[in-house]
Structure formats: C-alpha cells, structure tokens
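Chain by chain, the residues run as shown.
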Amino acid sequence: MPTETTKSIFWQGVRDGVPFILVVVPFALLFGVVATEAGLQVYETLTFSVLVVAGAAQFTALQLLQEGAPTIIVVISALAVNLRLAMYSAALTPHLGAASLKQRGLVAYFTIDQSYACSVHKFEENPHWGLHQKLTYFFGTVTPVCPFWYGFTLIGALVGSAIPDGLALDFAVPVTFLALISPMLRTPAHRAAAMASVLTSLIFAFLPYSLGLLLAGVAGMITGAQVELMHTRRAEPTLEAAE
Amino acid sequence: MIDKTTLWTVIILLGIGSFGLRFAFIGLIGDRTLPEWLLRHLRYTAVAILPGLVAPLVIWPEATGGVIDAPRLIAAVLTVITGFVTRSVSAAIAVGAASLLSALYLLG
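Residue numbers (our numbering), protein chains in the order written: chain A, 1 to 243; chain B, 1 to 108.
No lab work stands behind these hints, which were simulated from the structure alone. Take these hints with a grain of salt, some might be off.
[What the hints assert, rightly or not] For lysine to aspartate or glutamate, the following EDC-like pairs were computed, each having C-alpha atoms within a straight-line distance of at most 16 Å: (1) B/LYS4 / A/GLU67; (2) B/LYS4 / A/GLU44; (3) B/LYS4 / A/GLU4.
[Said to hold, decoys possible] Pairwise CB distance ranges, derived in the manner of DEER restraints: (4) B/ALA94 / A/ARG233: 37 to 47 Å; (5) B/LEU107 / A/LEU169: 11 to 21 Å; (6) A/THR187 / B/ASP3: 34 to 44 Å; (7) B/ARG87 / A/TYR209: 32 to 42 Å.
Idealized CB from N, CA, C, for every residue including glycine.
Just chain B, same shape as in the assembly:
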C-alpha cells in the first residue's frame, strides 16, 4: 500500500513541478532562446526515461514473481510493433490488450 503522506507529497510536488515546466518559458523567460545543446538533450527525455522504466516490468513481471513470462512478452512485442508501424497510441494499446488476454488464455 502506498503511504498517504508520500502520495500527497508526490501529487503536490509533481503538480507544482509540471506547472513550473509549462510556465518556465511562456511565463518567465519570454523570447530568449535556449542553447542548442540543451534543446538537443531535451528532445530525448521521453524516449530516455519511459523505455528504462518499462524494460524491467516487461522482462521481470511482478505478477509472475519476476520470472520471464511468454504471454506478457508476446503482448509487449506486438504492442511495440503496432505502435511503431501505425504511429497510433490507441491502436497499440488495443493490440497490446487483446494479445495479452488471448496469449494468457491460450498459453496461461
């Protein structure tokens, strides 16, 4: 169970921090431009954090006690392929969910 104090600290800090990031330029910095090297690193923040977060969840799923699991791996691969090919988040979620449930039914 998540500790309530921790939860509210995270919600509030994340709320303030996210607003801060959104307000940073339009509110405070105005028209001044950022150095190119910084922008170049900022472009990759999402693809740098999210795959690192998801990789252990795919390889060592909690539900199986950290043992690699065929249905979950198949669903993960199909989700990535669908998202990559269609460029559609919704299509990838739909294929991922459908393949996970069918793979669990067939193999589980």
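Isolated chain A, as found in the complex:
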C-alpha cells in the first residue's frame, strides 16, 4: 500500500461519500417540495435542513405538523426516529473521542447515516490510522453529501410551488418512508418490530394528539428487542461452536 498522505485520505473519504449523492439529491429535493407544499417559506425549509440534517426525522416532523399534532408529540416522535444518531455517536467515540471539543462538536453535527457507515467500516479496516487521519477521512465523507443536502433542499423549496397538481404529491411522503423502511427489514427482529408498529398504530389511530404513534414506537422497540433476544438465545450454541 502506498504511503497515505492527509490529502489522499481526505479524497478517499470524498470518494466513498460520492455514491450517496444519488440518495441525498432526490430525498432533499422532495423535502424542499413537500415543505413548500405544506406552506413553509424557502428560508424556513432551508433552516430545517441545515439545523436538523436528518431526512427521516424532518419528514416525520413535517407530516405531524400538517396533521396538527401538539408540538411536544412532533418533537418526541422526530427525535425517536433520530435515536439511531446516538448509537452512531457511541460507535464513533472510541475512534474520534480524543479530538478537541470543537472538533467533536463538528463531528457530532456531521454524524449522519453516510458518514457513520463509511467511517466505522474504514476505521476497522485501517487500525493503524491515527486521530488526525480518522478525522480527515470522516470530514471527507460528508464533503460530497451535506452540501447536496442543503443545496437540493433549497432547489426543491424554490421549484416546489411550480409543481403542477395531479402529481399525487400527497403520497410522496408515504412512498419515501416506505422506501426508507423496506431496506431496513433485514432481520426477523426488524420485521417483527415494523409489524408491531404498524398494527399498534392502526389499532390506536383513534387516540388524540398522535399518541398512537408513540405507543407504536414503544411496541415496535420492545418487539424488536424481544425477538432479537429469542434468536440470540436460540443461536448461542452455534455461535459458540463457530468461535
């Protein structure tokens, strides 16, 4: 392997981040369009994307706001969708925890699905990398992703009002959510969690203040954890044999 300069490590990060542009662009555009259709101003939509930087949570909040859910329910539900970010933060800590407070603040802001996925994978492949190299790679991965997130939110917000009716935009949000969820249904535990969430949400749809969604979240998490536990217990003998 050739000697790795800081510059080459940065570009490795950029290269690994580039494919995600394909995911981020339509998602950001759609958020801009849907937010505009919901009555948000361009600067409100852009602020949303710049401050939150998490598509699924932004769509969740927007949907619940449109349904007239109470502020506290909107915030709790959207943050629940974002709880995975705390897991990413935990996973990055052994690698980047020694950075300065300012750097850790920046890392935290840029902790997104893509930077987490690329970095954790790469750091494990390159255990000889020092803190500086790891930080360089991490910031490389977000360089092609985040500007596209902001930029295409803005473009979506600007063109949003020009989109003709009859395109069934009401269903853009459900389709986006389904597209996000379905690749996550990798294990029986994930599928069981999703199923429990759907059933609970439909059964308790009559509850006011979107409380049914909170119940669905709790039911889904407990179901997922329990099914995982059942499978690990059953799989344990084989796991030990494999090790």
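Using the hints provided, position chain B relative to the given structure of chain A.
Positioned in the frame of chain A, the structure of chain B alone reads:
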C-alpha cells in the same frame, strides 16, 4: 396551514435535540459503554416509529378523504417490495413514484 410559532419551536427543538443525540457520546460520555438492553432497544427505533407513522397514511390517504385507494395501495406495496429486494432507497422511491403515477393514470 402550519402555525409559525409551532413550526419554529419544532425546528429549533429538533435541531438542538438532534445535535444533542449526536453529541451525547462523543462529546459527553466518552468511552463508557451503554448497557446491552438499552442498545438492543435503540437498534429498533427507526423500524419502530416510521412504519407506525406511514401505515395510516397508506390505509387512509388524506387525498381521498380517508377512503382506501387502489393506486396508492399498489404503489405502496411495490415500493416496499423494491426496497426489500434491492436494498436501495433510490430504486424504491423511483419504482414507487412510477407505479403511483401509472396506477393513477390507468385506474384513477
């Protein structure tokens, strides 16, 4: 129309909260590990919330006044199948949008 005070309250609280979640470990907790039972529940947060949010939207679409609607249901099913099989969010969105528009054109 969304109330402006509510909107800005949500944007700001969500911004602070999301940063808080991202900063929680790397900024404050350091190398201490979380109990396994907590991690086990955290793993399922996204699949626990998002399906519950989307299910009523699919079954009782707003655009039809809450009446179940064949084109939207077909699009939903095809989106899920595509995402599940290809593991690609973009492919699922593309198939979902295309099937929704064609189903609306053909059946609508």
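Query raised in the report: Are A/THR187 and B/ASP3 spaced within 34 to 44 Å by their CB atoms?
Result: 41 Å, holds
Query raised in the report: Has the given pair, B/LYS4 with A/GLU4, been kept, meaning a C-alpha gap of at most 16 Å?
Result: At roughly 50 Å apart (the allowed maximum being 16 Å), A/GLU4 and B/LYS4 break the hint.
Report task. Given the hint that B/LYS4 pairs with A/GLU44, test it: the Cα-Cα distance must not exceed 16 Å. Result -> Measuring from Cα to Cα gives roughly 10 Å; hence the hint holds.
**Report entry** Distance restraint evaluation - B/ARG87, A/TYR209, Cβ atoms, bounds 32 to 42 Å
**Finding:** Holds: the Cβ-Cβ distance is about 35 Å, inside 32 to 42 Å.
Query raised in the report: That 37 to 47 Å hint for B/ALA94 and A/ARG233 (C-beta), does it hold up?
Result: Check passed, 40 Å falls within 37 to 47 Å.
Report task. Sort out whether A/GLU67 lies within 16 Å of B/LYS4, counting only the CA atoms. Result -> With a Cα-Cα distance of about 15 Å, the restraint between B/LYS4 and A/GLU67 holds, given a limit of 16 Å.
Requested in this report: Given the range 11 to 21 Å, decide if the beta-carbon distance of B/LEU107 to A/LEU169 lies inside it.
Outcome: Because 18 Å falls inside the window, the suggested range holds.
Violated hint: 3 only; the structure is consistent with all others.
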